[in-house]
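**Q** Chain residues, written in single-letter form:
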Amino acid sequence: MSSVIQLQGLTVQLGKRTILNNLTIDLKGRTIGLLGPNGAGKSTLINTLLGFYAPAAGSAHVFGHEVRAEMRKVRSLIGYMPENDSFVADMSAVTYVRMMGELSGLPAETALERAHECLFYVGLGEARYRKLGTYSLGMKQLAKLAQAIVHGPRLVILDEPTNGLDPPARRRMLRMIQEMKAQGEMHIVLCSHLLRDVEDTCEEVVILKQGSIVHHANLDEERRANRRFVEIETVGDEEGFAAALEALGAECANAGKGRWKMVLPPEFAMRELYRVASVNDLELRRINYRKDTLEDIFLKAMERNA
Amino acid sequence: MAVYKRSYKSYAGELTNPRTRFLILPKYSYERLFASRFLTGFLVASCFLPLGCVGYIYIVNNLGMFAAMGMPAPEFLKIDGSFFLFFLNFQGALAYILTTLIGPNLIAPDLANNALPTYFSRPFSRTEYVTGKMSVLMILLSLITWVPGLLLFTMQASQAGWDWTWANLYIPRAIFLGSMAWILLLSLLAVALSAWVKWKVVAGALILGVFGIGAGLAAMINSVLVTDLGAMVDLSRIMYTIWSSQFGQETATGLEPFEAWIGFFGVCTVCLLLLERKIRPKEIVK
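Chains A and B supply the protein sequences, listed in that same order. Sequential numbering from 0 applies to the first sequence in numbering that gives the first Met the number 0. Sequential numbering from 0 applies to the second sequence in numbering that gives the first Met the number 0.
Take these hints with a grain of salt, some might be off.
Straight line, CA to CA, 27 Å or less: simulated DSS-like cross-link-like pairs of lysine-lysine [unchecked claim]: (1) B:Lys8 <-> A:Lys180; (2) A:Lys260 <-> A:Lys208; (3) B:Lys197 <-> B:Lys277; (4) B:Lys8 <-> A:Lys27; (5) A:Lys130 <-> A:Lys208; (6) B:Lys199 <-> A:Lys130; (7) B:Lys281 <-> B:Lys8; (8) A:Lys15 <-> B:Lys277; (9) A:Lys72 <-> B:Lys197; (10) B:Lys8 <-> A:Lys130; (11) B:Lys197 <-> A:Lys130; (12) B:Lys199 <-> A:Lys72; (13) B:Lys281 <-> B:Lys26; (14) B:Lys281 <-> B:Lys77; (15) A:Lys299 <-> A:Lys15; (16) B:Lys199 <-> B:Lys26; (17) B:Lys281 <-> A:Lys208; (18) B:Lys77 <-> A:Lys15; (19) B:Lys8 <-> A:Lys72; (20) A:Lys27 <-> A:Lys208; (21) B:Lys77 <-> A:Lys130; (22) B:Lys77 <-> A:Lys72; (23) A:Lys299 <-> A:Lys130; (24) A:Lys130 <-> A:Lys27; (25) A:Lys27 <-> A:Lys260; (26) B:Lys77 <-> B:Lys197; (27) B:Lys77 <-> B:Lys199; (28) B:Lys277 <-> B:Lys199; (29) A:Lys72 <-> A:Lys27; (30) B:Lys8 <-> A:Lys15.
Read the hints as simulated data drawn from the structure, not as lab findings. These figures come from a predicted structure and were not determined experimentally.
Construct the complete structure from the given sequences, taking the supplied hints into account.
**A** Quick look at the structure:
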């Protein structure tokens, strides 16, 4: 799989403060989550990828293009949805999105057609002739998304896309991101401090803390790995059951009162669990495939680097 | 694809020429500006003097009609550099009023709405942005200054003949250079001041007041330092000196033409520095 974003010793300083410190990573996922507490450097990294900030050292590449040396090329490949309000209040949505399309290089007629398409796509079709200043917060977020995708970018950077949205609007935004991911036409970088949003939409995650990368994980692989972690509650011959499972390669820990925590080996088939329970005449009251949530991963990363 | 079909597709077609992309900004600005009847009316009113000048040129070149009417031809009727200097002064004043009306709407709303990141996240540079915004004013101001000025000169040349044209060849250069200097100054001041204050009402007031402020500052410098060089920050005197020198007219502004040009380029440089500082996709808090 080819590289989407590649950072090599990237350091960014604003004034005398080092905001990003020697970041080196190669991101290849279709949807990449950028996580971190406030002030971790997420937005600075995005701004650097867009060429807004110059690196003090190192380099950043997007689809193999160096962001400073090939800024126009990189920007033509990216669609950016900023975190804060960013529009011209007295323009209608369709005019604004069309203008942004033309500034990205689309011919005027194509830009108009795509502006209509994108506004319908994000769900603003009926409101597309209204002035942006009259939009609700949720509608403004959708309009920002429309302007980010109007020119058909290969990479869309979404900076806190669910910020300030009510639950239905947030669900709608996340569904939209999942649809964009499913269509497979573009890569997505989702920058958020809301773990649930990233967990719901991303397959690769980078966690930043104080300008450094503290964790990089493929969420799908992590989820698969953690499916082997099982909690069960039993009634019957527990010791015989545990011994039989250990003989099959499982690690078992008694949590008391019939509760067991087990780490199953990768080749362990779940039906073996039921077979062993049956052989030992054991009643399985509850079985829980406990997964590490992104929150667990995030907290561990924060603790490791505290 | 029909727009009601809710789906997304990428774009793989032709792209426009990046060199002319800055002209997209004037296109959208004019759509908004010409929604105002007042502005349209003002632009129409700006054509009154050029139309009057057309009549004047016709009369001056057809003095025989006075004799036909049994009247002596007035001696003051003539076309020379002072005629075009008057034209430029009048149209220049209209250009200034037009700038105060349009200028504040160019950049201040983008800054107030934090729109710059969406502009600059595209293959569109800060230079192109400023050029695009300035060209909104430069095109309109050209239409009421040097364009009619050169048309009038062409008309006069065609009426008066080769001798007059040969003797007054400096006039088209003076019209073009004088107008462009004025247009450049006004455009730079308008975009720089509206970028500086971000609020279009205040930006309008500043554009209106900057000439008064300059004159006041000039008087203060002159009286405190006992010099005439304070006039180099008085924009009205700077421009009048430049125009007059272009048309070969004497002035009593207290400035030599080269001093006026130094003042002119100084003001332009300050405006450019202001733009360089303010027109950024993200403000860096150090």
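**Q** Are the hints correct? Go through all of them and say.
**A** Hints, one by one, checked against the model:
For the suggested pair Lys8 (chain B) and Lys180 (chain A), the alpha carbons sit about 12 Å apart, so the restraint of at most 27 Å is met. Between Lys260 (chain A) and Lys208 (chain A) the alpha-carbon distance is near 32 Å, which puts this suggested pair outside the 27 Å criterion. This hinted pair checks out: Lys197 (chain B) and Lys277 (chain B) have alpha carbons roughly 10 Å apart, not beyond 27 Å. With a C-alpha separation of about 22 Å, the suggested pair Lys8 (chain B) and Lys27 (chain A) falls inside the 27 Å cut-off, and the hint holds.
The suggested pairing of Lys130 (chain A) with Lys208 (chain A) is violated, with an alpha-carbon distance near 39 Å, which exceeds 27 Å. About 19 Å separates the Cα atoms of Lys199 (chain B) and Lys130 (chain A), which keeps this hinted pair within 27 Å; it holds. This hinted pair does not check out: Lys281 (chain B) and Lys8 (chain B) have alpha carbons roughly 30 Å apart, beyond 27 Å. Annotation: proposed proximity of Lys15 (chain A) to Lys277 (chain B) holds, straight-line Cα distance about 20 Å (limit 27 Å).
Taking the CA atoms of Lys72 (chain A) and Lys197 (chain B), the gap is near 30 Å; set against the 27 Å cutoff, the hint is violated. Distance check on the hinted pair: Lys8 (chain B) and Lys130 (chain A) sit about 25 Å apart at the alpha-carbon level, within 27 Å; holds. Annotation: proposed proximity of Lys197 (chain B) to Lys130 (chain A) holds, straight-line Cα distance about 20 Å (limit 27 Å). For the hint pairing Lys199 (chain B) with Lys72 (chain A), the CA-to-CA distance comes to about 34 Å; that exceeds 27 Å, so the pair is violated.
Distance hint between Lys281 (chain B) and Lys26 (chain B) is fulfilled; the C-alpha atoms sit about 25 Å from each other, no more than 27 Å. Between the alpha carbons of Lys281 (chain B) and Lys77 (chain B) the distance comes to roughly 57 Å, so the proposed pair goes past 27 Å and is violated. The hinted pair formed by Lys299 (chain A) and Lys15 (chain A) fails the criterion: a straight-line CA distance of about 30 Å is larger than 27 Å. The suggested pairing of Lys199 (chain B) with Lys26 (chain B) holds, with an alpha-carbon distance near 20 Å, which does not exceed 27 Å.
This hinted pair checks out: Lys281 (chain B) and Lys208 (chain A) have alpha carbons roughly 22 Å apart, not beyond 27 Å. Taken as a hint, the Lys77 (chain B) and Lys15 (chain A) pair is broken in the structure, with Cα atoms around 67 Å apart against an allowance of 27 Å. Using a Cα cut-off of 27 Å, the hinted pair Lys8 (chain B) and Lys72 (chain A) holds, with the two alpha carbons roughly 20 Å apart. Proximity of Lys27 (chain A) to Lys208 (chain A) is assessed by CA-CA distance (about 21 Å); at most 27 Å being required, the pair is judged to hold.
A C-alpha spacing of about 54 Å is found between Lys77 (chain B) and Lys130 (chain A), which places the hinted pair above 27 Å, so the restraint is violated. The suggested pairing of Lys77 (chain B) with Lys72 (chain A) is violated, with an alpha-carbon distance near 59 Å, which exceeds 27 Å. Between Lys299 (chain A) and Lys130 (chain A) the alpha-carbon distance is near 46 Å, which puts this suggested pair outside the 27 Å criterion. Under the criterion of a C-alpha separation no larger than 27 Å, the hint pairing Lys130 (chain A) with Lys27 (chain A) is inconsistent with the structure, at around 38 Å.
Among the hinted pairs, Lys27 (chain A) with Lys260 (chain A) is inconsistent with the structure: their alpha-carbon atoms are about 35 Å apart, more than 27 Å. Distance restraint check for Lys77 (chain B) and Lys197 (chain B): the Cα-Cα separation of roughly 48 Å exceeds the 27 Å cut-off, and the hinted pair is therefore not satisfied. At most 27 Å may separate the alpha-carbon atoms for a hinted pair to count; Lys77 (chain B) and Lys199 (chain B) exceed this at roughly 44 Å. Our distance criterion of 27 Å between C-alpha atoms is met by Lys277 (chain B) and Lys199 (chain B), whose separation comes to about 15 Å.
In summary, the hint linking Lys72 (chain A) to Lys27 (chain A) is supported, as the alpha carbons are separated by about 19 Å, within the 27 Å threshold. Taken as a hint, the Lys8 (chain B) and Lys15 (chain A) pair is broken in the structure, with Cα atoms around 44 Å apart against an allowance of 27 Å.
Of the numbered hints given earlier, the model fails hints 2, 5, 7, 9, 12, 14, 15, 18, 21, 22, 23, 24, 25, 26, 27, 30; all others are met.
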